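Residues per chain, in single letters:
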Amino acid sequence: MGLEITINTREKDVYLVFPKGEINTQTYQILEDQTKDILNKARAIVFEMGGVSYISSMGLSAIFRIKLAMEERGGTIALVNMQPRVQLVFDTMRILSPQMFASLTEADDYLDKFLDGVQDGTIKPRDPLE
Amino acid sequence: MTTGFEINEKLPTDLNKVNPFIEQTFQKILDLIGANEEIFKVKLALEEALTNAMRHGNALEPGRLVKVRIKAGPKQISLDVHDEGKGFDLQSLPDPTRTDNVARPSGRGVFLMRSMMDKVEFYDNGSGVKMFKKLS
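For the protein sequence lines, the chains are A and B, in the order given. Read in the working numbering, the first sequence has 1247 at position 48, and its numbers run on one by one without any break. Read in the working numbering, the second sequence has 983 at position 100, and its numbers run on one by one without any break.
One thing to keep in mind: the hints can contain errors.
Beyond 12 Å from chain B on every Cβ pair, some chain A residues (computed) [said to hold, decoys possible]: (1) 1208; (2) 1215; (3) 1221; (4) 1228; (5) 1284; (6) 1290; (7) 1291; (8) 1293; (9) 1301; (10) 1308; (11) 1311; (12) 1317.
Covered stretches of chain B, going by a simulated chain A footprint (3 or more residues, C-beta under 8 Å) [stated by the list, open to error]: (13) 956-968; (14) 992-999.
Quick caveat, the hints were computed from the structure, so don't treat them as lab data. As the structure is a prediction and not an experimental result, all values here were calculated from the model. Think of the CB as a built atom: it goes at the ideal place given N, C-alpha and C, for glycine as much as any other residue.
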């Protein structure tokens, strides 16, 4: 099974990415390539994961690299609506837990607080050397 | 009535061959035992083993092969993946779940293999791995 990516604008500089299919050894690069353009302008990227039926460590690493790139620019990511199998892989690796949400509404609350923090200076961009 | 099957394959080192091979294999497994939540875990462990064997073991050299042996029965599956590399020191792998290691990709594949399967044993200095899972 392949991977299809749809990207919508949710609000100014906040993008909603819909991956559909499997994020695996063969497809992880599709995710990175297709999100490359929005990485330079996004303040936040929300991954709507409901259409992802499988993820391997290559897929996890791709999402993690996107997260690090966003944090270096003072941005963030959120992951919503994961299928149980995909959630199991993230839970097993214990990464990105603070950025995983059951719904877009929950993710919006997180993003509002995060973006307010960036604006008032309490949240700083991540140092790439850290 | 089919009671099981065995696959013996030599894959060239080509990451684009990993998922098509897995899809083909898992269709056979689904035909044998039907839908089972545990199969997803076996599929993930096999992908991690094949990807590690090609990337780290065979250093992505196209001339090197990865030997795969899969034995599937209605109640259990065993996997054996062997590359042509020098092996590795299992003890040197970082714990990928530790906060100071999460940005480092190494170790995630082995960690997932161990988490998804009942038994994981490395042999030949780490250039081979045998894995086993019971299916309920």
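Which of the numbered hints above does this structure break?
-> 3, 4, 5, 6, 7, 8 and 13
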